[in-house]
Structure formats: structure tokens, C-alpha cells
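Engineer: Assemble chain B onto chain A, guided by the hints.
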Amino acid sequence: MLIDARDIESGRVLRADVCIIGAGAAGVTLARELVGGSLDVLLLESGGFERDRGTMALNEGRIIGEPLDPTMALRLEATRLRMFGGTANHYAGWSRPLEALAFERRAWVPDSGWPLTQDDLVPFYRRASAALALGPFEYGWQWWHRERGMGDAVLADSDLATGMIQITTQHPGARYRDALVAAANVRLCLWGTAVELTLAADGGHLAGVEVATLTGRRFRAEARVYVLAIGGIEVPRLLLASSRGVRPDGVGNEHDLVGRYFMEHLNLSCGAAVFARDKDAFPLYQMRESAAEDPGAPPIKVQGYLAPDREVQRRAELLAMEITIGILPLFALDRIPPPTERLSGLATKDVAALVSLRDGPAVASAVRVVAEQAPNPLSRVTLLAERDALGVPRAALDWRPQASDRESLVRGLLLFARALGRSGLGRLQLATGEFFGNKVFPGASFVVTDPLAERLPALDFAVGTGFHHMGTARMHPDPRHGVVDAHCRVHSVPNLYVAGSAVFPTGGSAGPTFTLVALALRLADHLRHEVLA
Amino acid sequence: MSDDPTAVTRRAMLRWLGGGTLAALGVRAQLAASAEAGEANGDADGLVAAALARVGRRYLEVTPEERDVATLRARLGELSAPPDVLAHVAALEQAVRRDFERGDILALDGWILSRTELRAAALVALTSPAAP
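Residue numbers (my numbering), protein chains in the order written: chain A, 798 to 1330; chain B, 998 to 1129.
Worth flagging that the hints you see were computed from the coordinates, not collected in a lab.
Heads up, some of the hints might be wrong.
To be verified - Label pairs and their in silico Cβ distance ranges:
#, chain 1, residue 1, chain 2, residue 2, range
1, B, R1095, A, H1323, 52 to 58 Å
2, A, D916, B, T1068, 22 to 28 Å
3, B, E1062, A, A889, 27 to 33 Å
4, B, Q1091, A, N886, 49 to 55 Å
These figures come from a predicted structure and were not determined experimentally.
Just so it is clear, CB atoms sit at the ideal spot from N, CA and C, and this is done for glycine as well.
Chain A extracted, bound-state conformation:
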């Protein structure tokens, strides 16, 4: 059932068994799971089905730490979408499970470790595959090679392993909209913004949610269970801004953890490569169409990626990363020079001569990397004094990736460069030479030719991000170290849950949507069978 918050009289109370705040990928998935059951579900969404300027302005805030993307001068509000489907409307569809190692406590990554393993999530990843209309739940290259003729992996005897990414054109919002609107036990309430979570007087549970519209209506929602599914910036914003009279530091923030550990993915077009192969030599690494598992779903795309092998990550103490390549024939460089070419005294074609001494073919490639940011308690979301049109304090984002994050990224790329050279497969250019030196790779000697070499010690080269906001209500079994427990329940508020990437203790290098959808499915089971049965 669809309702419009602007039509609800001020002062009214909407009651439900479950109140889900936020109709993004997590909220919609959760609501869809509850369709047809005995639970009365209220799904609150701040926006509508289409983007609205006034509603989007509620996202405005301030970036006070490292810029999210200096080349784009990205503003905080541009990284999120406040509408049905949520920020997943930006979702490029890239899906793979979070790396198994990223779930583990890694001695070289402070504050790492989930209270779950990848195996624990596999049944939910399988269901998430169906939810996102992906292909078979297969992420090893061998299956795609054997069953779909995708070609062979390269560098098989190196420090790098090949994995697969599936790319869907579907996201839960578009996929489930009609089912939610038609559902008898779900009320989808558009244009109503949760402006405060109200704790009971003793602070022991959540008593309700204050909802406001930009047209001036204010009403209340009350439920047995509440699920906050509004993303890695809005989750801490609302928790910190709520019930200050009962909990002066905000809801769920007894240990000063809400908003801390904000993580993004370091996203970098990091350079070029030349390969001593022809352009058809890497079918596994080129984006190719393939059938979805559901015969009625549109085809997906599949692409291989390279990453330091799991044991190499342990040995070299690396964070997770994903390296993708996009092959161009060399002649295309005349029309599409690599972005690094203008910075470089050494042209890609000239380097190609080094790898084609036997007069074999050579191709060039852009190289892109997505790398993990280690948890950092100083990287955080806080509140500003300034308030939005509905009276909620705006968010400030102090994003602080650490030098060790960049160092790990660089060391991983150097593993790739060395594997290419050692195998005779090619050569790698790292986007700008300025940040390389013995500091990041003590096993090699370097000639650093870039005039910006003085920036080396700080490793402060610019990185982009992926609109992946993670970690601000992190999951940990101990309330001193996490905001939510392994069931995504806020430790100090037993009827309040958080869904979405805000609960990720670490982010690996996989896009978060697949994992947050899997977690939402797991939460649906938990609510249905254990909490509200």
C-alpha cells in the first residue's frame, strides 16, 4: 500500500509491527522479505519515486576532512540519493561477496574482524543473488572459464589471484516497487522524513519515531521493532541527533562509537599497462554479457579482476584491493591517450616496444583499482550546529584515510607490476611516479623522476571514492567496540536495528550493495523467526 506523508494529519500516530526507516537497497529488501507475512510493516521514505530538489537538500552537509573526490569537488549531498531506492539508484551493479579475509580479524588491520564469517553469509549471498537478478553464485574464474567460455586467467603462478565480478542492471528499488505498493501488509510512506528517534524515558528502548514533511506536517510512528536503513552518513546523523534529553550523546552512543570508523573505498584510475598480447587475449578480464540465473531477468555482465592472493595479503600485510583492466589496441592511444600520458615523459607506445621485442602484438590498458580503507576511529561523521529545513542538525564528514591505506594500495600495485614483468606479460605504469620510493617498497631501488617527489613521505596522492559509506555503526559483539551486535541490533536499544553498510566493521574492496542486501535478508529472517514470531 502506498501512502503520502503529506496527506497525514499532524499529531497522528501510525502503528506497525516493524518500522523500517529508509527505502534504499537494505530497507526495500527487508520490506520485500516481509511481504505477505503476518507482520504489519511501515516503510518510511524521505523522498518519492523521483528525485526532488528540496528533499535532496536535506542531505546537505560539510566535508571537513579529506575531500571525497578532489577532481570532482564532490559535495556530501551528491554522494547520496534521498528517494525510493535510495543511493542504490547510483548503484553501478558491481557485485561480489566481500572477501573472506575481510571478515577475519587481521593482526595488521587494527579494529578488523566481523562477528560473522563469509561462510555464515553464503546462504544470504545466494538469496541476494536472486534479489539482484545476478548470475549463478559463482565467483571463481574457473567456473566462468569452464561453463561460459570466458577464457583463462593470467598470472596464475604469481602473487595475484583472479576473481569475478558480476554486474547487474537491477537494484532492489526498481525490482520490488510494484510488489511493495501492492502488498496488503506493507505501507510504503513516501515524503516522510524521520527527524528524531525517541527513546523511552528510561532509555531502555525506542518508543517512537518523529516524522516530518517539507509541507509542514509532523506525525509519529510507533512499532515493536525499528530498523534504521538510511546509509552510512544518515544513520549516525539521526542517532547522534536523537533523544539528547535522555541520552546526551545520542542513541546507541554510550561508548562514543556512533559516527566513528567512517570508511570509503579508495577508487583510483591508477595508470596504464602494456601487454605483450593482442586485444583478444584477455576475455576473462573484459566485461562480457552473460545470462542471469533467472531466465526472465535481463542479462548480466561479468568481468574478471586481479587481487593479491589471500596468503600474499597475509604475508605482505596488505589491505584488500581489486584491479581491473580495460584493453585498448595500441593504435587507439592516438585518439584516447591514457590519462597519465600528459603527465609523463615516457609514452605508452614507447614502453610497448620493450615488451614486443619478439615482434609480438602489444595492447594498452587503463588500470583501475578499488582498495580497502582500514578502520580509523578518527574518520567520522559528527553534527554541525546548522540545521536542515526540518530542524535536524546537518552532518559533517571528517574522512580520514591513513597513509598506510595508500601505502597498501601502492604495494599491491607494485606486486602487479612485478608479476607482469616477471611473467613477460607486460609493464605497468602507476599514474604518477611521484609517490614511489623505497619507503613504500623497500625491496626495490627507484628513480623518482616527478617534480612532486617531495610529496612522497606523506603518500597524499589524490584518490576518488565509490559513494560507499561504511562503518559508522559498526558491528561487534562487545558494546565497547561496536554499535550493533551480530544481528545488527543496537546494543543499548534492543528494539532498534541498523541495516546497510553502516554496520560493516571493515569494507574489503567489494562494492557494499551485495553484502548489505545479504545482511538485510539475514535480518529479515531474524526478525521473522526470532524477534517477532
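Structural biologist: Just chain B now, kept in the frame of chain A:
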């Protein structure tokens, strides 16, 4: 281009070797000239040689202490003067792979390259008529 699949390989290697070996084979002037002139006339061998020379010159800009043929020959050792030019390609490739294995690599304008291949390219640059 020759139909012989090894022909350019051989010629490229001759350029890499430069100096005495080229002179001994009596093709020095011809091959050295092609490193620069080849680019203009579209000759594939010349393009390769010119490309190698540019890489070599760039290396010498940042490693001026190696800017002479004798030094480069000394540092390349056997690679600069074995009897069989085809054996050179395999040996050079092996040496380059060893460089990557043990980390004797350089970041030159961001390109992660083997020191051996850069020295060999520098030798091409110095034995070309347009060499600095």
C-alpha cells in the same frame, strides 16, 4: 617487413647491442639511422628502434652517471656482446624477469621497468645518430 618472424627481433637486438657488434656485422650505419629515420617513413623496425631510443634517453636523463657506452656495456655484461644475437633476446628476457623477481626495478615516469631493459634501451639511444 620481412616474412621472417625473427627478422625484426634480430634487428631490434642488433640495435640494442649497438657499437662493436653492429660494426662487426657491417650494418651499423643502416640500423642506427633507422632508429631515428624509421619513424618518419613508417618503417616498423625503425619505429621500434626509435621507441627504444626514447626510453633509453629518458633513463639517461635521470641516470646521467651511466651516460656512456662503456659504462652501459660494463653494467650489461654478457648481454652486450654474446656471439649469437638471437640468444640475446632470450638472455635479455631472462635478465629482465630476474630484475622483476628480485626487485631491481625503477619507477620511470611511473612505469615500473627493469634496470636491465632500461640500460639496454640506453645503449640504443647512445648508439643512435641523434643520441644526446
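Engineer: State for each hint whether it applies.
Structural biologist: Right, here's what the structure says about each hint:
In this structure the supplied range 52 to 58 Å holds for R1095 of chain B paired with H1323 of chain A, their Cβ-Cβ distance being about 56 Å. Range check, D916 of chain A to T1068 of chain B: about 58 Å between beta-carbon atoms, so the 22 to 28 Å window is missed. Between E1062 of chain B and A889 of chain A the beta carbon distance is about 49 Å. The supplied range of 27 to 33 Å is therefore violated. For the hinted restraint 49 to 55 Å between Q1091 of chain B and N886 of chain A, the CB-CB distance of approximately 53 Å keeps it satisfied.
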